[in-house]
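K.L.:
Single-letter residue listing:
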Amino acid sequence: MSTKLTVSTSPHVHSEFSTRNIMGMVIFSLVPAGIMGVYFLGFRALAVIAACIIACVLSECLWNKFVMHRKNTIGDFSAVVTGLLLAYNLPPTIPIWMAVCGSVFAIIIVKQFYGGIGCNIVNPALAARAMMLISWPTAMTTWTVQGISGATPLAAMKAGTMPNVSWWNLITGDMGGCIGETSAVLLIIGGAYLVWEGVISARIPLTYILTTAILSALFNHGGGMFPVHEIFTGGLLLGAIFMATDYTTSPMSEKGQYIYAFGCALLTALIRTFGGYPEGVSFSILIMNVAVPLIDMYTEPKTLGAPKSNFFKRTGAKS
Amino acid sequence: MNLPTFLGGVHPPEGKALTEHKAIEILRPQTPCEFVYPLSQHIGAPCSPLVKKGDSVLAGQKIADTEAFVSAPIFSAVSGTVKDVAPRMTVAGSIEPCIIIESDGKYTPAPSLLDELGHKPEPSEYVKLIRSAGIVGLGGACFPTHVKLSPPKDKPIHWVIVNAAECEPYLSCDNRLMIESPDEIIRGLGYVLEIFPDAKGVIAVENNKPEAIATLTERNKNSKITVMPHKVKYPQGAEKMLIWSVTGQEVPLVPALPADVGCIVLNTRTTWQICKAIEEGSPLTERVISVTGDAVNEPKNLQVPLGLCVKELVNACGGFSDEPVKIIAGGPMMGLAMRSIDVPVVKGTSGILALTKKTAYTAEESSCIRCGKCIEGCPMHLNPTLLDHAVRRRDYGTFEANNGMNCIECGCCSYNCPASRYLTQSCKEGKVSVAAARRKAAAEAKKKAEQKAEAK
Numbered sequence: 001m002s003t004k005l006t007v008s009t010s011p012h013v014h015s016e017f018s019t020r021n022i023m024g025m026v027i028f029s030l031v032p033a034g035i036m037g038v039y040f041l042g043f044r045a046l047a048v049i050a051a052c053i054i055a056c057v058l059s060e061c062l063w064n065k066f067v068m069h070r071k072n073t074i075g076d077f078s079a080v081v082t083g084l085l086l087a088y089n090l091p092p093t094i095p096i097w098m099a100v101c102g103s104v105f106a107i108i109i110v111k112q113f114y115g116g117i118g119c120n121i122v123n124p125a126l127a128a129r130a131m132m133l134i135s136w137p138t139a140m141t142t143w144t145v146q147g148i149s150g151a152t153p154l155a156a157m158k159a160g161t162m163p164n165v166s167w168w169n170l171i172t173g174d175m176g177g178c179i180g181e182t183s184a185v186l187l188i189i190g191g192a193y194l195v196w197e198g199v200i201s202a203r204i205p206l207t208y209i210l211t212t213a214i215l216s217a218l219f220n221h222g223g224g225m226f227p228v229h230e231i232f233t234g235g236l237l238l239g240a241i242f243m244a245t246d247y248t249t250s251p252m253s254e255k256g257q258y259i260y261a262f263g264c265a266l267l268t269a270l271i272r273t274f275g276g277y278p279e280g281v282s283f284s285i286l287i288m289n290v291a292v293p294l295i296d297m298y299t300e301p302k303t304l305g306a307p308k309s310n311f312f313k314r315t316g317a318k319s
Numbered sequence: 001m002n003l004p005t006f007l008g009g010v011h012p013p014e015g016k017a018l019t020e021h022k023a024i025e026i027l028r029p030q031t032p033c034e035f036v037y038p039l040s041q042h043i044g045a046p047c048s049p050l051v052k053k054g055d056s057v058l059a060g061q062k063i064a065d066t067e068a069f070v071s072a073p074i075f076s077a078v079s080g081t082v083k084d085v086a087p088r089m090t091v092a093g094s095i096e097p098c099i100i101i102e103s104d105g106k107y108t109p110a111p112s113l114l115d116e117l118g119h120k121p122e123p124s125e126y127v128k129l130i131r132s133a134g135i136v137g138l139g140g141a142c143f144p145t146h147v148k149l150s151p152p153k154d155k156p157i158h159w160v161i162v163n164a165a166e167c168e169p170y171l172s173c174d175n176r177l178m179i180e181s182p183d184e185i186i187r188g189l190g191y192v193l194e195i196f197p198d199a200k201g202v203i204a205v206e207n208n209k210p211e212a213i214a215t216l217t218e219r220n221k222n223s224k225i226t227v228m229p230h231k232v233k234y235p236q237g238a239e240k241m242l243i244w245s246v247t248g249q250e251v252p253l254v255p256a257l258p259a260d261v262g263c264i265v266l267n268t269r270t271t272w273q274i275c276k277a278i279e280e281g282s283p284l285t286e287r288v289i290s291v292t293g294d295a296v297n298e299p300k301n302l303q304v305p306l307g308l309c310v311k312e313l314v315n316a317c318g319g320f321s322d323e324p325v326k327i328i329a330g331g332p333m334m335g336l337a338m339r340s341i342d343v344p345v346v347k348g349t350s351g352i353l354a355l356t357k358k359t360a361y362t363a364e365e366s367s368c369i370r371c372g373k374c375i376e377g378c379p380m381h382l383n384p385t386l387l388d389h390a391v392r393r394r395d396y397g398t399f400e401a402n403n404g405m406n407c408i409e410c411g412c413c414s415y416n417c418p419a420s421r422y423l424t425q426s427c428k429e430g431k432v433s434v435a436a437a438r439r440k441a442a443a444e445a446k447k448k449a450e451q452k453a454e455a456k
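Just so you know, the protein sequences line up as chains W and R, in that order.
Residues in the first sequence are numbered from 1 upward in steps of one, following the numbering used here.
Residues in the second sequence are numbered from 1 upward in steps of one, following the numbering used here.
In short, the hints are calculated from the structure, not lab data.
Keep in mind that a hint or two might mislead.
As a list, the in silico DSBU-like pairs of lysine-lysine whose alpha-carbon atoms are at most 35 Å apart [stated by the list, open to error]:
1) R/K200 <-> W/K308
2) R/K200 <-> W/K302
3) W/K4 <-> R/K200
4) R/K311 <-> W/K255
5) W/K4 <-> R/K276
6) W/K302 <-> R/K276
The following block holds chain R by itself, in its conformation from the complex (with noise of 0.2 Å):
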């Protein structure tokens, strides 16, 4: 059978037998521990607090809030008593601010969204709500949801989509909910296609869960959804490469959005999600996470309250079995290493995966022997090595006409790379330093500006 797919991209091994036949099992520790937010769990501004120290707080309640429209609101998971607001060390390793949360352990919910706003929601104000319940894309990006779905009024929609590929391997997470709880997402869907009533719905799954593919097309009533079952290829969950392999349309080069061909993509937890803050006005607070990994005892899918210590879901897993040489926080193939695992689980955490000295790659760069395997694998269909070198003599003129800024970073030039460079590093480090430079410019063109104003 000839299923959709895209040109270009890798096979790397699976790694799902760990998890997903493991049901997805809730994790809420009752004894009283500390919970950390970031005030940054998302792309855009980040939060304000709005609790301080020493004020008591209810599971579900806004702790952290901003006026910026790229932004999403933060929500304690529990209920105690906000101990500080200090910096504390972030998945990616950083230092940022946090808002820290001693709960009590008793989960004492905060009123709903919808006892806030009164009555049920109008297909007007799912857009309003689905910001006020702090919804992010949850497949690792966290581009916040009310954004995507506010497209500009001369751009129809036409296609929503919920990419339920999770091609990322290792992870089963998506896989689990789809089969545990199909009616959400698709009643999820449901909702979004009544603010963009033009639009069809797709459901797009990877044929490697076929539970899921069955589950969910016995269940889907709903005419205007389809599921659509796609080819087992990375990166085929990617944005771009499930537009063209669902409509046969090329997303065009940056800065252009999936809007401007009509279509909208989001994640499958984010669409279930979605279901929940319509139905039952229940903000982000817990997702479920694959706790993964040749070093991990017991692999399991975990649905934990956001703000946990990543150590707590370690340990919910019978902790290592094998001295893990790379803990990753996602798959691993997009996954950010942690270099500590006392640190938060936040909204955009798909994944924990701990690899062993087997797995995890850790071979030394070589020369590049032009095999081509780059550019191969390249779901973008760019010149990996190319960008590469670029980057390396700092010459981000060739870098920018080359379309490296439209690079999105899947990895799978790394992969394929016979002398292990460090493509998709240098792809990103071009990335930074053009919009860098770009922002640079711009603050200095506002500032001759300004002071020509000023002068006249």
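Next up, chain W with everything else stripped away, as it sits in the complex (with noise of 0.2 Å):
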């Protein structure tokens, strides 16, 4: 034996997983829904997503090339994630720069601020909408679909009207609304996939979804409202699949997880119902995500053979 052997400590074999294959396979999810989004809102969306990625990922880079003078991240793909992310919760018809001006944020600001890849105390991509959504009120606002303006189904809903879709453009996505965040059912085969290869676990998407539509259905939204039609419109597929799901910002317990997507449904609900806003996940999920590192001090796994915790008598240093 001439070479000479590796020593380190065990386990010494490894899951399939990667961040940068998790995020890959994040990626490859989103793709169909983005397809569709240009398919029905036309190539400047498919500008739009290109402005996202390549400003996110250059801002990663140059960041850490010149400011932190690190190893380069962006072999990861979470600007990717962030970048595409970012542009599904845009309107096709936003001008570049704006597109460009989130990006930088959502990667500068909220992300490498913080530490960079996992540090994170909010969702990136959601963080840079609504701060473009109180920048620039009227440009994320403004929906053209095939030429034609209009409100998108929620705007509708809040302004007590039925809105004039069939059941048909709301399951594909043929309606007004952001680049990605439209077509149903792409959007939930894209989860589907995500739950099957293990990436990421149903129970917040579900818990998520499920209770906005019941909670909606209590409040009166829209003056009673299919809850279908609270599910399929606006940014709920997309966020509760997607960005709720953000393993940074979400807790790291089962336990947690139910409690964390229980609070963004009712805050989706509320916002939806009573807020100024027809829409409200983003900002839903964004005050969320600040109470996760309180959900995951109060959700800590019992350690097998402890007593039974309790619940108000939290275990911190002793020292």
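Both chains come to you apart, so use the hints to assemble them.
P.N.:
Below, the structure is given as structure tokens:
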């Protein structure tokens, strides 16, 4: 034996998961909904998607290289996911420079300022969307579907009128809305793929979506709309499947994930029914993101063999 | 079918196909060669040599022992002469004092332990006999078996569980032993049940060993013993997981022991060895080792004399077919990566696993992405990433408060981690540091108390 042996601690084998292939699978599962978005909303949408991805990857790359002087992390594809998700949350008519501003904000201020991947406290894409909604309210809420501009179904519901969309349009996504949020079927298929691969669990999306539908019905939102409309319109599916399940900004334990998803649903239903905006998914998730450390603290798993713990008597550092 | 199991755990690729159908071969070098016996092959006090340079020894002769209770004597597997008592490298890669014996290749036997005893052992003498046979837990932890079998009087034993799960990937030495000598295992467990008349015996096997389950079930005539198949999941064979899935009881936090919930867990080969000690009076001098991995030419299950050089085992399997990146003593989840194969086989060596670049995992770590997969995998239901962060900032208070000392070092967290964080490593480090700090504090307290006593 001529070569030197590698000596390290156990375990010496590893599951097939890596940050890179998890992000890869997320991107793969998001692509169909994007294609549908481009198909219904035109090539302008593709330009927005491209601009967001390029701006995100480039800002992460430059930040690592010139500010932090550390190993580049764009290889983990998380910046691509952020860019993709941000673009999916924008209307296709948004000026490109605004999309770029949002991307830079997402990566530099929301993600890198806090330490990069795994350290951000809120979802970068959603935070950027919220920033853009406040900065450029008109540009962010103007939707044009195949040349005809009009109110989104949720805005119509807010105004108290029955939205003018057929069931077919609701399911396929041929209606007013952001680039990636309208195509219900493809978003659900993408989510199912991620659950199948074990990337995410179905806990958060299912709890979030079903609770929102039930609570909205209870709150009599939109004058007693079908709960199904509630699910298929706006960013609920995109938010529940792809944004609320973001590892970094969601609780780690099972119990915590249920609490978090319920909180998101409650806030979404409240904002949609009583708030100033027609849509509440992004704000709900952002607010719950901030609550995650607290949820994590109270939902620590019980160690095998430990006595049953008192919810209000938490274990902390001894000294 | 819903087989008993535990919550958590992982499903690493089994890799058992390499050796599970290979019958145990006996490897006993007939030409004179060197056998090395480290003086500490178990948890507890190291032994002192009973022989010196130039002495001649017989196969099965006791060569090292100690007065300490938590310890086990060491026997020579061969006849020959003591070449030296000197430091040598061991499996763990450290240099430890060893007895070195030059064998004569004849294996001339020493008188058996029963000859020394002079009569057939009574159940009350079993534990003493097991100690004098040098038996320790042969799964890898090497906890002296007689200590396990001497629980405090106020803790009645209701279950004796033979851990035949063999959940470590690649290894199949226990599987082969169950297929090839089921009677000895059943009788061995029977003898332990004679020590604890109120206890039930369970042989717990993972369901990926159908042949072993069938053989044991067929041969088992003891009404107190049941063979219980378990779901295939790592670490099914960890003591606490096994007790949970067999009896439904949680072993309380450390320092509690299985005896606190009325359980004793013994490894398959240990049980076999107990049978040999009680029936034939033979001490622990040999064991079965799976020599396997994709870098080994011809993977085999070998029964080898302890003290033999690992290199001889590899040679007996036709050497390496591919360049090994890692050579591991034990399985891939908990085994020790070796620095060299010029080290002796010890009591705890259950496998020699040579992995190539393709199978050995050597990725660099990246940032934790808080995915929660470590929590999902942890069979002890700890929060590995929290413990990891605590250890890295040397916050051992937080480590202890979050039950870090209960980590069983199974490796599930690191196995699952997409960012390849060294989670298991951190937990090991935390445990060692806390234990060292406790020892230091205890020593200081003792010193202070002594000073006080002197002052008076």
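K.L.:
All hints are to be evaluated individually against the structure, with a verdict given for each.
P.N.:
Verification of the hints:
no., hint, in the structure
1, R/K200 <-> W/K308, "29 Å, holds"
2, R/K200 <-> W/K302, "30 Å, holds"
3, W/K4 <-> R/K200, "49 Å, violated"
4, R/K311 <-> W/K255, "51 Å, violated"
5, W/K4 <-> R/K276, "40 Å, violated"
6, W/K302 <-> R/K276, "42 Å, violated"
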